[in-house]
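Colleague: Below are the chains, spelled out letter by letter.
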Amino acid sequence: MTTTTNKKGPNIRAIVIISVAVALNLLVAFQMARWSYSWFPPQASSAAPYVDDLFALETGIGSFLWFGLTGVIGWTLLFNRAPKYDESYGEPIEGNNRLEITWTVIPTVIVFAIAIYSMQVNDKLEALGPKHKYAIGSDPVAVAAVDPRATVGPIDVIARQWSWEFIYPDGVRSSELHLPINQRVNFRLISEDVNHSFYVPAFRLKQDIIPGSVISYSLTPTREGRFRLRDAMFSGAYFSNNQTDVIVESPESFSSWLKTTAKKPLQPGLSPGSELYAKRLATGDKGWATVPPAPAPMVNDPGDASIPHDA
Amino acid sequence: MTSTNFDPRILKAPHPVPGAPDNWKRFLSFNTDAKVIGIQYIATSLLFLLVGGLLAMIVRGELITPPADLVDPTVYNGLYTMHGTVMLFLFLFPVLNGLNNLLIPTMIGAPDMAFPRLNAAAFWLVPVFAVLLMGSFFIPGGPAQAGWWSYPPISIQNPLGHFINGEQIWLLAVALSGISSIFGAINFVTTIIRMRAPGMGFFKMPLYCWTAWGAQTIQLIGLPALTGGAIMLLFDLSFGTSFFRPEGGGDPVLYQHFFWFYSHPAVYVMVLPVFGIFSEVFTCYARKPLFGYKFVALASFGIVFLSLIVWVHHMFYTGTPNWMRILFMFTTMTIAVPTGVKVFAWVATLWGGKLRLTTPMLFCLGGLLNFIFAGITGVMLGTVPIDIHVGNTYFVVAHFHYVIFNAIVLGVFAAVYHWFPKFTGHMYYEGLGKLHFVLTFVGCTLNWLPLHWAGLLGMPRRVASYDPEFAIWNVIASIGAFMLGVAAIPFILNMVSSWARGPKSPPNPWGAIGLEWLLPSPPPAENFEDDVPTVINNPYGYGLCQSQVVDEEYYIQRAKEA
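Heads up: the sequence lines are chains E and F, in that order. First residue of the first sequence: 1, per my numbering; consecutive thereafter. First residue of the second sequence: 1, per my numbering; consecutive thereafter.
Honestly, the hints are just simulated from the structure, not real lab data. Since this is a predicted model, take the numbers as computed values, not measurements. One thing to keep in mind: the hints can contain errors.
To be verified - Partial chain E-side listing against chain F, Cβ under 7 Å, derived:
1) Leu54
2) Ala56
3) Pro92
4) Trp103
5) Ser118
To be verified - Chain E stretches covered by chain F per the calculated footprint, using a threshold of three residues with CB under 8 Å from any CB of chain F:
6) 39 to 48
7) 129 to 139
8) 232 to 241
9) 284 to 291
Here a beta-carbon is modelled for each residue, glycine too, at the ideal position from N, C-alpha and C.
For reference, chain E alone in the conformation it holds in the complex:
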């Protein structure tokens, strides 16, 4: 389609085709943006809607670009193919400075707009607090900063190879993380062996846990249910099993859970790595080298890995 170059006056046909194509593309991009909300787990924290909105916006812009560019390439594939034995050349256009400036300036504006919007969304997440280094072996809690706006916590999240332990302010220990709905919770993320990551997909939040540092982290759950907490930073042999559940419940059930759990005796909690490692030893210790799992944490509520999760 090089018909526009040598004609005087507007090329009505080209304008109509381009307008229809752009309108169609806008429609498709808008639908993709709406559709993108269904690609996520349910929104279970105050951060989730912001993240999903930002993703929908970027899906929309991205879809517009994708379908626009592939549309143009597809058009050339349909209408600009050289017939067999045609050895001729295309029209030797070497460039166009106005076009170059356009496709430099417009993308710059778009990416900066996205970046500024993302910066605002990032401010709204309000999740990451200060990180303090401490000497391993000393008490990490002594150096941790506490989020003054949090009404629950600080809950100590201790990640190990390969288990999770949650210690509540009143000393209750659990293998599953119970949280009251719609209250801001503060965590102190601690690891004494390797890097781990505190990742709850339904919350859209992730923070690595770095040995030798204690990181203050806060979030507000907004939906009741049982959500998966996954270690997202590779942590060795049984990394994929280093998962547990977050149970978001009403404030009443949360406080009754705290009360009943406090009375329970300490017992070994969830430690999926230990079971698998025991099985490996029983079958002749085949495979490549691994450190042995840390002993199962002693907790009041050992949790139940057999209950299905919502997301």
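We have chain E already, so just place chain F on it with the hints.
Modeller: Chain F alone, transformed into the frame defined by chain E:
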């Protein structure tokens, strides 16, 4: 081909000239001819593409069902670690260095590289660290299992406590690979700056040379950081230092800075030459000049500069403070601009062309489509809040395979086909090439498109087992991966049979413009020897009815008669 074409110096040289009877032996020797080294690199790396692909298929075999039931999780960790390592250090870097060796001297009219012995030394380091890496499969405890990032403290845990262990060998191999790449980079940059044909100013240089120049500049700036980081990690692992060991007061996050300061730009080391390949191939088979040559050329160095200041986007959730996240989000987003300039220029080049859908053109078109897609998910990953959710999930795995396989490797295949007749002297079989393309394109789309959704739903990367809700995406992905394995068959068949008995190639089978196409196929040992053409016009003058060099007819005639 008669020996009168050669300078007597070359006839006295220790290596046999092409066409000499014991010709094939030069590929197994310490040969200093860039074209021999280029083929050595490419053949070695394609062999390791098979090894890396085999490892990937075991990984995908494990992931076709939710539980870890095919291999032990420790074996799985070792396999995916070695898959990444082999693909990067034994396939991609060597194959691109091979293309550099073949293309840079011939494209700029140089007789050889600036430092031929250094060049051969750089190549021969590859088999050395290849043997080290492959050998690490067989030592007690198995190979490295910490992922190709090799983040401490997991990488320095050394479960068996042996002094010699998989991780140590891995670190030595990476350091050797770094040294080899630095040798190569010194050579390529010097050659491009110092040895261009008369009249070939920088703005008359083919884009492949621009992008290779940019890529190798990154190697020179970035590699010392990675090599330094690897050596510090080796000391932590083997000699008890505490650079990154938290028990001794070290900081594990510091290693991540060393690692990503090089390893993010490393992506551009790989993708920039492919941008060059796109520019060569699209112009040749669309029969049009490159749209906005100068902008596309300069955008390469825009990308080089920006690639050096974005590395923290790999660490948004790893313990970096908020201000750093925001700063690096902005730099990351800007890199879309020069990349966009290139993409728009290619699309404009295709527009109104006379497209010939040969195998290299198909691979480049497929690669471009995938690259646009990867660019869009890349911008998504560059924004902090989305990265916090999808970082370290399969969304990232899908994104970077879209860049590295679906765009870069497709571009590499395009280059192999496009320049195959030039450097082997034989035509490849178009039908097998197209079959290879279809299997590759369908396979790679099936393999990595679905995994974006697995990542959005929260499936972490590097897992050996996963929750059943992710099964559907993984089944499709595994089918795609096995299809890519099948795609290797027509490729190998094509390469081997074409080289052995393919029809003889004329000097310029594609009607392409560029100095390399003025040489006979295959080019003689010192390319143009003492008769280097003088360049008078821009590259990519398709349809402009102009000569690229003085006395073009003489060179065309000479190449035909050779």
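Colleague: For a quick check of understanding: which of the numbered hints are violated here, in increasing order?
Modeller: 2
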